[in-house]
Structure formats: C-alpha cells, structure tokens
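Taken in sequence, the protein lines are chains V and U. Start counting the first sequence at 9; every next residue gets the next number (my numbering). Start counting the second sequence at 2; every next residue gets the next number (my numbering).
It should be emphasised that the hints constitute simulated quantities derived from the structure, not laboratory data. Take these hints with a grain of salt, some might be off.
Here are the simulated DSSO-like pairs of lysine-lysine, each with C-alpha atoms no more than 27 angstroms apart in a straight line [what the hints assert, rightly or not]:
no., chain 1, residue 1, chain 2, residue 2
1, U, K19, U, K71
2, U, K4, U, K58
3, V, K64, U, K54
4, U, K56, U, K71
5, U, K4, V, K76
6, U, K14, V, K49
7, V, K76, V, K11
8, U, K71, U, K4
9, V, K11, U, K58
10, V, K76, V, K49
11, V, K64, V, K25
12, U, K58, V, K49
13, U, K71, U, K58
14, U, K72, U, K58
15, U, K54, U, K19
16, U, K4, U, K72
17, U, K72, U, K54
18, U, K4, V, K49
19, V, K11, U, K56
20, U, K14, V, K76
21, U, K19, U, K58
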Amino acid sequence: ELKVEQNPLFLSMQEGKNYTIYCNYSTTSDRLYWYRQDPGKSLESLFVLLSNGAVKQEGRLMASLDTKARLSTLHITAAVHDLSATYFCAPSTSYGKLTFGQGTILTVHP
Amino acid sequence: DVKVTQSSRYLVKRTGEKVFLECVQDMDHENMFWYRQDPGLGLRLIYFSYDVKMKEKGDIPEGYSVSREKKERFSLILESASTNQTSMYLCASSYIEGTGGNEQFFGPGTRLTVL
Numbered sequence: 009e010l011k012v013e014q015n016p017l018f019l020s021m022q023e024g025k026n027y028t029i030y031c032n033y034s035t036t037s038d039r040l041y042w043y044r045q046d047p048g049k050s051l052e053s054l055f056v057l058l059s060n061g062a063v064k065q066e067g068r069l070m071a072s073l074d075t076k077a078r079l080s081t082l083h084i085t086a087a088v089h090d091l092s093a094t095y096f097c098a099p100s101t102s103y104g105k106l107t108f109g110q111g112t113i114l115t116v117h118p
Numbered sequence: 002d003v004k005v006t007q008s009s010r011y012l013v014k015r016t017g018e019k020v021f022l023e024c025v026q027d028m029d030h031e032n033m034f035w036y037r038q039d040p041g042l043g044l045r046l047i048y049f050s051y052d053v054k055m056k057e058k059g060d061i062p063e064g065y066s067v068s069r070e071k072k073e074r075f076s077l078i079l080e081s082a083s084t085n086q087t088s089m090y091l092c093a094s095s096y097i098e099g100t101g102g103n104e105q106f107f108g109p110g111t112r113l114t115v116l
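The shape of chain U in the complex, shown without the other chains (with noise of 0.2 angstroms):
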C-alpha cells in the first residue's frame, strides 16, 4: 500500500513564525504536491515537484516556499506565518505516467492555525 505521512495532524503557530511542513511518500513515486482545503472552496494547489531538486508553482503559491531534496520527501514552508493561512494542508504523490498523469495518494493532512 502506499504510504504518504505527514509531520504533524495539528500545528498552532504565531503571526510571523516560519512553519515547515514535511510530507513524506514511501511509493518511489516522481510527482508530489502540497494543497490547501478550506470550507467550500475544495483543495487548491500550492506547489508541486516532478522530481529532485524540481518545482513548479501552482494555482495559489504567493506566500509560500517549498524543498524537495530527496525523491520521498517534500516539505512546504511558510516564510512568515499570518492568519490568512490558517488551513488544513494536504500533502499528495503520484507517478508519472505520461502528460495525462495519474492517481495521487493523500497523506492524513495536517490542520495548520496561525493565531
């Protein structure tokens, strides 16, 4: 089975901290994505890596950073915690399989609050 685990299930921050989300995928899996649920709004794309070293912006990166520096690991990182990033972040790998992709693997998510 695969495996995508996350850090933490909840983490409480302060305004102006530096957060690190870590997410790690047992699947030698090529693709991994970092997203954020809020109510109504359904998951939105922060970044995601195709590869080592790799990363693209997604749909909703402004305030955000990520690292991918080993294949299993992709971490997500908040330069400067504010309250408008208060949010569950859900963490996802996938193999590549052509341009069309393929099924992602959620990991349990982590309730991120910024207070």
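This is chain V alone, in the form it adopts within the complex (with noise of 0.2 angstroms):
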C-alpha cells in the first residue's frame, strides 16, 4: 500500500521569502502531481512530473522529482499573498489512481 507523507503540514511565510514542502511517498511511482486547493474551492492541478529527475516551473513555484528517493519538492520562491493555500502531492498508482499526501496549509503573511 502506497504511503504518502508531506512536510511541513503548516507553513507561515512572510513575503518574499523561500521555502520547499517535501513529499516522500513509500513505493515506486511512475509519475507525481502536485495540486492547490484555496480555502472552500476543489483542487487544481499544478504540476505532474513524469521522469527521475523531472522538473516543472510555474511561476514562483517549482516541483522536482526523486524516484530513486521517493521525493518531490515543491519550492516557493520570494512568497507572495496568492500562494496561500492547501497544497497536495499525489504520487499515481494503477488504473490512474492516485494517493494523496495529508496536504500542506500554507499562509503567507507580510
């Protein structure tokens, strides 16, 4: 059974600062997605990483990927108020599946 563990659960930033969650998940994956949930809205998709050392950008986030390691980061560069949100990683198992991290509430404050 596929295990999916994010870090930190609760972040606070001040603006214009750095900051990576960690997502370390328990078995082989062949691909992650990373998606963002504001308060009292669904979830939309960010980034899906498809390789072993697979690197997306988007703006002041970027996601990467570790197979071999079973990680992905999702790095925040120079926080703005807009990033506030639920942050998920979901490593994809058979049939489309995916698995979910606890997700990551991150508040970004001046």
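Two chains, two separate frames, one set of hints: put the complex together.
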C-alpha cells in the first residue's frame, strides 16, 4: 500500500521568503502530481512530474521529482500572499489512481 | 475545458437516510473517482470506476456504494447515513493513459452534514 507523507503540514511564511515543501512516498510510482486547493474550493492541478529528475516551474513555484529517493519537492520562491492555499502531492498508482498526502496549509503574511 | 459537476454544494441529512451524490463529467473520460476529504487526512479514495458498470473499491469503501450506468455519470450512495460520514465529498475524472493514469480533474465538492 502506497503511503504519502508531506512535510511540513503547516507553513507560515513571510512575503518575499523562500521555502520548500517535501513529499515522501513509500513505493514505486511512475508519476507524481501537485495540486492546489484554495479555501472552500476544489483542487486544481499545478504540475505533473513524469520521470526521475523531472523539474517543472510555473511562476514562483518549482516542483521536482527524485524517483530513486521517492521524494518530490515544491519550492516557493519570494512568496506572495496569492500563494496562500493548501498544497497536495499525489503519486500515481495503477489504473490512474492517486494517493494524496495530508496537504500542506501555506499562509503567506506581510 | 474539462468540466466536472456535482449535484449539490451543501447537503444536510439525518442519520439512517439514504443519500445520493451525483457527479457528471463532460470530457468523455473513462475513469471516475469518489474521494472524501477530512482535515489532516488529505483525500481518501472511496471508489473508482474505469468503465461503465465497472467499479473498484478504494481505501475506505465501507458504508458506501457506487453506480455507473452511463460513462459521464458516477453516483455515490450512502445506504444508511451516519454522523461519521459528515465530510467533504469530491468527484474526479481522468482519461486512461497506460497503467500510470492521467491527470484527475475535480468537481467543486459536496459538503455533507449528517445529523
């Protein structure tokens, strides 16, 4: 059974600072997704990482995947208030199933 | 754009009632999923379906059943609602792409309260 752990679960950041969210998973997976959820809203896909060493960037967010270490990271550069949300990582298993981490609640304050 | 819709945003039911949650997608996706979301637990898979009339149990199927009579529609049924089924329910759909799957697109969610 695939288990996923995100770290940290709560992140309070100052605007302009950098930080990284970590996602560890327990068994082999051929791809990993990052999702964002705003309060009261549904999940929105941010990135899909398809292979070892994959790196994707969108604005102030950059995601990477190390399949050997079973680790993905989501790096935040120069945080702004608009990035406040809950972020989930989700490695894929068979038949398109995803196993979600607990989520990291990010709050960016002035 | 992919659109996944759910029949209700908010629902209040009484213990013991039979509850139906409906999900419809308009992108001809083969896969459909039902999750529940609870604080600190992330999303947990209840059931999924990879074809019409096909269903597979997820991680927490107890107390739930599903129905998929048409490709675009996937229903979650709570046979006899209990208070511990109070939660946010999210439906998602995706294409099949080999065995690794593909991006899941989510509906807006139904917040169910069982009194």
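Outcome of the hint check:
For the proposed pair U/K19 and U/K71, the alpha carbon gap of about 21 angstroms is at most 27 angstroms, so the pair holds. For the proposed pair U/K4 and U/K58, the alpha carbon gap of about 24 angstroms is at most 27 angstroms, so the pair holds. Using a Cα cut-off of 27 angstroms, the hinted pair V/K64 and U/K54 is violated, with the two alpha carbons roughly 37 angstroms apart. With a C-alpha separation of about 13 angstroms, the suggested pair U/K56 and U/K71 falls inside the 27 angstroms cut-off, and the hint holds.
About 35 angstroms separates the Cα atoms of U/K4 and V/K76, which puts this hinted pair outside 27 angstroms; it is violated. Restraint check: the Cα-Cα separation between U/K14 and V/K49 comes to about 22 angstroms, which is no more than 27 angstroms; the hinted pair holds. Of the pairs offered as hints, the one joining V/K76 and V/K11 holds, with about 16 angstroms between alpha carbons and a cut-off of 27 angstroms not exceeded. Distance check on the hinted pair: U/K71 and U/K4 sit about 16 angstroms apart at the alpha-carbon level, within 27 angstroms; holds.
About 17 angstroms separates the Cα atoms of V/K11 and U/K58, which keeps this hinted pair within 27 angstroms; it holds. Between V/K76 and V/K49 the alpha-carbon distance is near 34 angstroms, which puts this suggested pair outside the 27 angstroms criterion. Only pairs whose Cα atoms come within 27 angstroms are accepted, and V/K64 paired with V/K25 is accepted, the gap being roughly 20 angstroms. As the CA atoms of U/K58 and V/K49 are separated by approximately 26 angstroms, the hinted pair is consistent with the 27 angstroms bound.
Among the hinted pairs, U/K71 with U/K58 is consistent with the structure: their alpha-carbon atoms are about 19 angstroms apart, no more than 27 angstroms. Between U/K72 and U/K58 the alpha-carbon distance is near 18 angstroms, which keeps this suggested pair within the 27 angstroms criterion. For the given pair, U/K54 sits about 21 angstroms from U/K19 by alpha-carbon distance, which is consistent with the 27 angstroms threshold. With a CA separation close to 14 angstroms, the supplied pair U/K4 and U/K72 stays within the 27 angstroms bound.
Between U/K72 and U/K54 the CA atoms are separated by roughly 9 angstroms; this keeps the pair inside 27 angstroms, and the hint holds. At most 27 angstroms may separate the alpha-carbon atoms for a hinted pair to count; U/K4 and V/K49 meet this at roughly 14 angstroms. With a C-alpha separation of about 22 angstroms, the suggested pairing of V/K11 with U/K56 holds against the 27 angstroms cut-off. Taking the CA atoms of U/K14 and V/K76, the gap is near 47 angstroms; set against the 27 angstroms cutoff, the hint is violated.
Between U/K19 and U/K58, the direct Cα distance comes to roughly 20 angstroms. Compliance with the 27 angstroms bound is thereby established for this hinted pair.
Violated hints for the displayed structure, listed by number in ascending order: 3, 5, 10, 20.
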